[in-house]
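The residues making up each chain are set out below.
Protein chains: 2
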Amino acid sequence: MKKSLGTSSTIISSERVEGTTVYNPAGDKLGSVDDLMIDKISGQIRYAVLEFGGFLGMGTDRYPLPWNMLKYDTQKEGYVVPLDKDKLEQAPHYAESDVPDYTPDYGRRVHNYYGADW
Amino acid sequence: MKKSLGTSSTIISSERVEGTTVYNPAGDKLGSVDDLMIDKISGQIRYAVLEFGGFLGMGTDRYPLPWNMLKYDTQKEGYVVPLDKDKLEQAPHYAESDVPDYTPDYGRRVHNYYGADW
Numbered sequence: 018m019k020k021s022l023g024t025s026s027t028i029i030s031s032e033r034v035e036g037t038t039v040y041n042p043a044g045d046k047l048g049s050v051d052d053l054m055i056d057k058i059s060g061q062i063r064y065a066v067l068e069f070g071g072f073l074g075m076g077t078d079r080y081p082l083p084w085n086m087l088k089y090d091t092q093k094e095g096y097v098v099p100l101d102k103d104k105l106e107q108a109p110h111y112a113e114s115d116v117p118d119y120t121p122d123y124g125r126r127v128h129n130y131y132g133a134d135w
Numbered sequence: 018m019k020k021s022l023g024t025s026s027t028i029i030s031s032e033r034v035e036g037t038t039v040y041n042p043a044g045d046k047l048g049s050v051d052d053l054m055i056d057k058i059s060g061q062i063r064y065a066v067l068e069f070g071g072f073l074g075m076g077t078d079r080y081p082l083p084w085n086m087l088k089y090d091t092q093k094e095g096y097v098v099p100l101d102k103d104k105l106e107q108a109p110h111y112a113e114s115d116v117p118d119y120t121p122d123y124g125r126r127v128h129n130y131y132g133a134d135w
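Heads up: the sequence lines are chains A and B, in that order.
With this note's numbering applied, the first sequence corresponds to residues 18 to 135, in that order.
With this note's numbering applied, the second sequence corresponds to residues 18 to 135, in that order.
Rather than coming from a laboratory, the hints here were simulated on the basis of the structure.
Any given hint might turn out to be false.
For chains that are exact copies, the list does not tell them apart, and a pair is met inside one copy or across any two.
Pairs of lysine-lysine residues, derived as DSS-like cross-links and limited to a Cα-Cα distance of at most 25 angstroms, are as follows [unchecked claim]:
#1 Lys93 / Lys104
#2 Lys102 / Lys46
#3 Lys57 / Lys46
#4 Lys88 / Lys104
Quick caveat: nothing in here was measured; it's all calculated off a predicted structure.
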C-alpha cells in the first residue's frame with residue numbers, strides 16, 4: 018500500500034529512514050539504512066545500521082554508524098557520511114543473522130573507530 | 018531470516034519495537050506499534066504509532082502516542098500505556114494510507130489530548 022510519509026515537517030517515519038541511500042562526500046553510494054538502533058530509555062536513535070558490501074545485494078553485512086555522522090542531503094535524497102569505502106570496509110560490522118549486543122563496550126568500539134564522541 | 022536483536026543492553030532495534038504489543042494497565046491488548054516517528058534533526062523518537070481498532074486486523078487506524086507515555090513491561094513483553102479503549106477511540110488518528118504532516122500544531126493537538134507535556 019502506498020503511503021504518504023509526511024516529509025514537510027521535521028518529523029519523519031522510521032519506515033522512511035529505513036531503506037534510505039547512504040553516500041560518501043564524493044557522491045558514491047555506500048549502501049542503505051537497514052535498521053535503527055534506539056536507546057530504550059531515552060528513545061534516542063544511537064545508530065543507523067548500514068547495509069554495505071557483498072555483490073549484487075548478496076552477502077551484505079551490517080555496519081553500525083553513530084547517528085550523528087549522518088547528514089541528510091535534500092538534493093541527493095539520501096544521507097551523507099564523511100567516509101570512504103576503504104574506511105568503511107575495516108569498520109565494525111556483523112552478518113544480518115548475527116546481531117551483537119550493543120553493550121557500552123561495543124558502542125565505544127564503534128565510536129572510537131570513527132573518531133565520534135561517545 | 019531469524020534475527021537476534023540484542024535485548025540484553027539498553028539498545029534495541031527499531032525492527033523489534035515495531036510489532037510490539039501495547040497494553041493498557043488492566044492488561045488488555047490495545048494494539049501494536051506500527052511505526053515510529055522521529056525528529057530528523059535530533060534523532061529523538063517523538064511518537065510510537067499504534068495500530069488499533071478495526072476487526073480481525075481489517076480496517077485498523079493509526080494512533081500516534083507520545084513516546085514518553087510508553088513504559089516497557091518485561092513480564093508482558095510489551096508496552097503499557099495509561100489509557101483505556103474509550104480514551105483511545107476518541108484520540109487523534111488516521112488511516113494507514115493517509116498519514117498527516119506531523120506539524121507542531123498536530124503534535125500539540127496529540128499531546129494535549131493525552132495531557133502529555135509538549
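Each hint tested on the structure:
no.	hint	result
1	Lys93 / Lys104	within (22 angstroms within a copy, 42 angstroms between copies)
2	Lys102 / Lys46	within (9 angstroms within a copy, 46 angstroms between copies)
3	Lys57 / Lys46	between (30 angstroms within a copy, 21 angstroms between copies)
4	Lys88 / Lys104	within (18 angstroms within a copy, 39 angstroms between copies)
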